[in-house]
Amino acid sequence: MTGLARQYGTLIALIVIIVAFSIASPGAFGTASNLINITQQMALLAIVAIGATMVMAVGEFDLSTAALVSFGGIFIVFLFKLGVPTPLACLIVLAAAGCFGAVSGYIVAKFEVLSFIATLAAGTIIGGVTFWLSDGATLFGDIPAGFRDLARGHALGIPTLTWWLIGVAIVVWLLLDKVEFGRRLYAIGGNREASRLAGVRIVPNTMVAFILCAMLAALVGMLLTGRIGSASPTGGGGYLLSAYAAVFLGMTAFREGEANVPGTLVGAGIIAVIGNGLTILGVSTFLQDIITGAIILAAVLVRRIGKGA
Amino acid sequence: MTGLARQYGTLIALIVIIVAFSIASPGAFGTASNLINITQQMALLAIVAIGATMVMAVGEFDLSTAALVSFGGIFIVFLFKLGVPTPLACLIVLAAAGCFGAVSGYIVAKFEVLSFIATLAAGTIIGGVTFWLSDGATLFGDIPAGFRDLARGHALGIPTLTWWLIGVAIVVWLLLDKVEFGRRLYAIGGNREASRLAGVRIVPNTMVAFILCAMLAALVGMLLTGRIGSASPTGGGGYLLSAYAAVFLGMTAFREGEANVPGTLVGAGIIAVIGNGLTILGVSTFLQDIITGAIILAAVLVRRIGKGA
Amino acid sequence: TDVSILTPYISSIPTNEMAQSFKAEGEKRGWNVTIIDTRNDFGQLASRIEDTVNAKASAIVLISTDPAQVQDQVALAHKAGIPVISLDGAKNADVAVNVTSNNFDLGVQLSEELIKSIGGKGNIVKFYHSAHPGVHQRELGLDEVLKKYPDVKIIADHFVKVPGPVDDGRIAMENILRQHGDAIDGVWAAFDDPGIGAELATESEKPDSKLVIMGIDGNAQAVDMIKSCTHYKATLRQDFPKMATVGAEQLEKILAGGKADKDELYVPAVTVTPESLGVTCN
Amino acid sequence: MLLEIRALEKRFSGARALAGADLAVEAGSVHGLLGENGAGKSTLIKSLSGLVSPDAGEIRIDGKAEIITSVRHAEDLGFRFIHQELSLVPHFTAVENAFVGRPYPKRGLFVDRAAMRAKVAATARDIAPDLPLDIPVGRMTTGQKQLVEIIRALMNEPARLVVMDEPTASLSDGEARRLHQAVRALAARGVAVIFISHRLDEVLDICDRYTVLRNGATTGTGAIADVNRADLVRLMSGHEEIRGGRAAPVAGGKPVLEVRDLPFGRRGSKVSLSVREGEIVGLYGLVGAGRSSFMKVLWGSRTSEGGTVFIDGASMRSGDIGARIAAGGAYVPEDRRGEGLITARSIAENLAITNLKSVRSSSGLPLTSRSGLAARTADIKQQLSIKMGSPWAHPLTLSGGNQQKLLFGRWFGGKIRLLILDEPSRGVDVGAKEEIHAIVRRLASEGVAVLMTTSDMDELLALSNRVLVLANGEFTSELSGDELSPQRIVAAAFHHPEQKESLA
Ligand SMILES: Nc1ncnc2c1ncn2[C@@H]1O[C@H](COP(=O)(O)OP(=O)(O)OP(=O)(O)O)[C@@H](O)[C@H]1O
Ligand SMILES: Nc1ncnc2c1ncn2[C@@H]1O[C@H](COP(=O)(O)OP(=O)(O)OP(=O)(O)O)[C@@H](O)[C@H]1O
Ligand SMILES: [Mg+2]
Ligand SMILES: [Mg+2]
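Residue numbers (my numbering), protein chains in the order written: chain A, 784 to 1092; chain B, 784 to 1092; chain C, 4 to 285; chain D, 19 to 522.
Think of the hints as simulated: they come from the structure by calculation, not from any bench. Heads up, the beta-carbon is just placed ideally off N, CA and C, and yes, glycines get one too. A few of these clues could be false.
As the list claims (entries may be wrong) - Which stretches of chain A does chain B cover? Using the computed rule of at least three CB atoms under 8 Å from a CB of chain B, they are:
id : stretch
1  : 891-904
2  : 911-920
3  : 1025-1033
4  : 1070-1077
To be verified - Distance condition first, Cα-Cα at most 30 Å in a straight line; then the derived DSS-like pairs of lysine-lysine:
id : chain 1 : residue 1 : chain 2 : residue 2
5  : C       : K31       : A       : K864
6  : B       : K893      : D       : K375
7  : A       : K864      : C       : K230
8  : B       : K864      : C       : K150
9  : C       : K245      : B       : K864
10 : C       : K164      : A       : K864
11 : D       : K375      : B       : K961
12 : D       : K399      : B       : K961
13 : C       : K31       : C       : K245
All chains, please: the whole structure from these sequences, using the hints.
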């Protein structure tokens, strides 16, 4: 029993939370349609967190993700206003985000600057660029309906955003767990020096992790714009800490101390379910914060208590 | 020359920045009164960062500082509204913050939960409490002038806030560098297991670091309230990333890879000087962000480039 | 003439509109206008005002800030002989003039409008953000009006998180709809962003619901929704360009050595409804 | 000649690591590379792996001058390395670690885990049949990690040259012997092996040729058949080897450490033992037998349920390290870097962390004085003849032997009653090892009780008055006096606890 709690504590926590809410509110929370809707509500956060998972796998940190989400949203609308067609605009945004990621990754890997400070600075710069593109204003209008549909509606009864999440999660999970590239990222993250001694090329591998993370963040910025029909230069601000909360929760979920995609999904799931359930129960926002914090603490402590020395 | 750049790169960066701004704007930036004023402007950020320095010295992270700043500001006004006299109110606020810090520290040290996720959860809880105390509103009024004077005005030609900074910096510097307690913190931060085997008690020492950090954050919340005459439940939000930016900049300033008080002061100084100088030069916010990010990157890269293999 | 616009909220639509309009007005008059934003941070706002005073700017324009929130710094500017005007802020002894729509009145107007459209009774959902003093005033307006209508009940409320208020409002509304469904008659949004989120949620979750959404600000996306005959039925558009124009005129007088006309000038708000936009919905 | 190195030189910010080193290695031979700590052995082989770029000199491969630029380059030349510092990824299992930086077997696009495991298991069968392949190496003992490194280097077929930098430092006789067989088998297949070790007897045993470095320069090379141990020591140090005899225990010493009914071992059998004043008790066992775990339980860094540990008659609470220190306990852990040194802090602080009171500026105030730190460092430096520069330098700037002395030195100054030593001279050269042994004997003669574990049979025999043997987590025998012979000890270590029920 305690063995099980230790092994899958965080997953069990998620299940317990879902069951508890279902009992408290069977008619509203515990319905299939609501549970499906939660997957849509968690999708954007989870995709950012999955990007962060890759960077954490190489043992680094990317604090510019939030800025990149905002950047992605503003830049795509900016391009639309210039009349750039949707597919090209999406490619340009992803490429631009990839460049930002490449620079951050290069600085971190090549000069061994602490990624915390390097990506904080990068995020500040990206934020400045975003404000400059938008004049600091929320951008609205000129967003093609075809683009908006990428983030709206359903297919086969599943929300489009959920499909995005499923796709991204599978691809990144394969990348990290099944392909050589992932082994290299985890090797670098686990022991950078040993990996270097073993001939793993630190700089290109780290850069690719940062590039993919940046692209996913920009993708989320675009999807968010599609979802709400406008883009704010600070729209991504809310994703930073909660995305990392999801990753860190996930690190305690399956493989001790390693960021991993299934764990991150569980982490994002916990955060989304708590938010959804407490709102449905009509708990006030302030109390929601207190309860959310307490549940997250409990979820990570489950594994630890009784572990002994 | 490159040796010097490597040794004191970040300090040199600060000096270069000050000289550059003084040349660009001798009449406004390079005046004694403005330079003194910068010390006042950096004071609050620097005090939060000094608290974070202690937690980083034990090798942990405290993400609840921002929430504690907001908490400190709201709670003191809340107490004033209840008619509690100033000295008692201050003590209550510090004690409450200390309790929050003690709990975070205990969880992190005892159960070896990653401090990132534990303090993120703690910060969410504290944020909820703060909102609940204030009903989510900015609190005005009922703030005694005597209290406000703790954060206003001058003494001996130096702003009161600067005196606070000087006092806190000296005390924490002594604690970390001269007192046995500091040796223990750095030992734990340097190698937790080795320190434990050598008889250093991990839990109480880590807890004290978190307690002091929390108290300093709450102190800043109170001083901020005194300075601007009101308290907002999100007033501390701006301090999180910039405080850690200061600490991380400082870690590259003097002792490679170790959080230290003089370094943190240099880091906070860089951030404050850039903000002040660019505003005086009339640079718009968007460009300010880009320049700030670039200067921070340059400051950390100075040491690194040319370091070779 | 160097004029500095200072605000903590540049990315909010009204603040931005005022700032940009004022900048345009100022440049028309040959002023050199800089916009400085402090990202919701009042401590930093205080520092930036000090810097501006040190840089000996000709005037300071505070936007969307109650000068009392940075009282000392405003007083410092006043003492240094630098005129301070406030847009969408509050009256203050050290401020030459505050040009605004009365936020409390806006709240009252919105509430009356909403309650009228649901027939004087029913359940409403409230989206609020009390951390912003101006927006908080609107909420107080609602409280005042509700005293007159005992049959109107707030069945759910949500503190809107910034940044990201639209998506936050949307997710909250999705969840509230699941709990209360058809029991909801109206949505009261203290500003348009969460209202837009609520509309998006209703569109996808309960498109045939009869609920009515109303907000404040005249946000372009909200106006667009009103024009498209959605659940969004009204927004109170504060006339931000007008506020900026009035502010610029007042400042011009002051800079010429004169005085402001009054310490507070109101620019009335305009109600945007399908009718006022010339569309008929059924 | 497969490999020829001529007049190689390398400086590290002023310090000379290599000053004209020569080395020639033939295919199919085992070449012993010897030298004191800091002689430049590791630096020499790092220049072969592309990690260090030499300042002068040349490296010839098959007679052709070659500049090795990167680890990949070295691998492409068919070189494999076991570096001295364990270089493993802690979260990875043995199988995953074996493939870091190597081409993975694949099925389609994806990594084929079954094939990976099969390949590793095949190599492990010969070297370390008992090694768990599927647990993260972070949870393994130092010896087991070392075995993983060895498997990793031997697993790859197309190797021409395998370089092993102290592969046996934490292996006990059993594992070392298997490694020796594997090394000879490699040589028989025509692979060249460079074998670095401080255990001279093993070098004499398995190598064909030797090269000795002193202060970065080659002082001798030739066939092993032509030299004996004394010759090698002379070449390494420039003087004769000094060997002290085993010290006799203090007569009539009272028991210092007493352990009663301490549950230990996977089946929870109870252990009782006592160590008297002046006695040196050695604990022996194979890799993973539980020696380090047992010492950690005694020291209180691992908790245990039930049983009692007494120091000088005072009972020690489980998990209370402070109480042990107060009672005069001292502990030198096995893993110098992981558990011993605080590498980011100065030498002086490392020496003071166990006893900060001793470096106060005044006894009443908890202020650490810089001069106090310097004085304590100078004192310990002198007592243990540590070769070091400034007390404010970081410990990793010292040679292995001197780092090890720091771990002893930090307990000096307070009273020492019980000394617990886990591999006290791992990776330390013959000379320094002798100095460390002298320290241990001196402490014992002053009445300190010593409990020690070591994988090095020579060391065990050189120091212990009494030997306890652990196998698979159970104490299988106790030997003293004339019973102390390598054969009997190893035989006991291989014993299975099931057959020895009565002894525990
Ligand atoms: N990266 C480095 N920077 C500075 N000095 C170094 C570095 N690497 C080695 N040295 C110095 O070069 C000399 C040779 O070191 P090396 O590690 O090659 O010795 P070694 O013969 O392998 O010793 P040991 O038996 O202790 O492993 C030592 O004085 C060491 O301090
Ligand atoms: N009695 C025991 N109770 C619980 N676990 C044990 C016991 N003995 C050994 N182990 C486990 O088995 C492994 C061997 O432990 P230990 O480090 O003590 O071995 P060792 O004999 O010192 O080996 P090495 O020579 O490799 O250092 C460890 O993973 C340890 O957790
Ligand atoms: Mg070596
Ligand atoms: Mg051991």
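Status of the hints after comparison with the structure:
1. Proximity of the stretch 891-904 of chain A to chain B, defined as three or more residues with a beta carbon under 8 Å from a beta carbon of that chain, is established by the 9 residues found.
2. With 5 residues carrying a beta carbon less than 8 Å from a beta carbon of chain B, the stretch 911-920 of chain A meets the three-residue requirement, and the given coverage holds.
3. Given a C-beta distance limit of less than 8 Å, the hint that chain B covers the stretch 1025-1033 of chain A holds, as 4 residues qualify and 3 suffice.
4. Figure legend: the stretch 1070-1077 of chain A, annotated as covered by chain B; annotation consistent (8 residues with Cβ-Cβ distances under 8 Å, at least 3 required).
5. With a CA separation close to 26 Å, the supplied pair C/K31 and A/K864 stays within the 30 Å bound.
6. Of the supplied pair hints, the one linking B/K893 and D/K375 holds, its CA atoms being roughly 26 Å apart against a limit of 30 Å.
7. Using a Cα cut-off of 30 Å, the hinted pair A/K864 and C/K230 holds, with the two alpha carbons roughly 21 Å apart.
8. The hinted pair formed by B/K864 and C/K150 meets the criterion: a straight-line CA distance of about 26 Å does not exceed 30 Å.
9. Taken as a hint, the C/K245 and B/K864 pair is broken in the structure, with Cα atoms around 39 Å apart against an allowance of 30 Å.
10. Note on C/K164 and A/K864: the hinted pairing holds, with a Cα-Cα distance of about 28 Å set against a maximum of 30 Å.
11. With a CA separation close to 13 Å, the supplied pair D/K375 and B/K961 stays within the 30 Å bound.
12. At roughly 23 Å between alpha-carbon atoms, D/K399 and B/K961 fall within 30 Å of each other, so this suggested pair holds.
13. In summary, the hint linking C/K31 to C/K245 is supported, as the alpha carbons are separated by about 15 Å, within the 30 Å threshold.
Of the hints listed earlier, the one the structure fails to meet is number 9.
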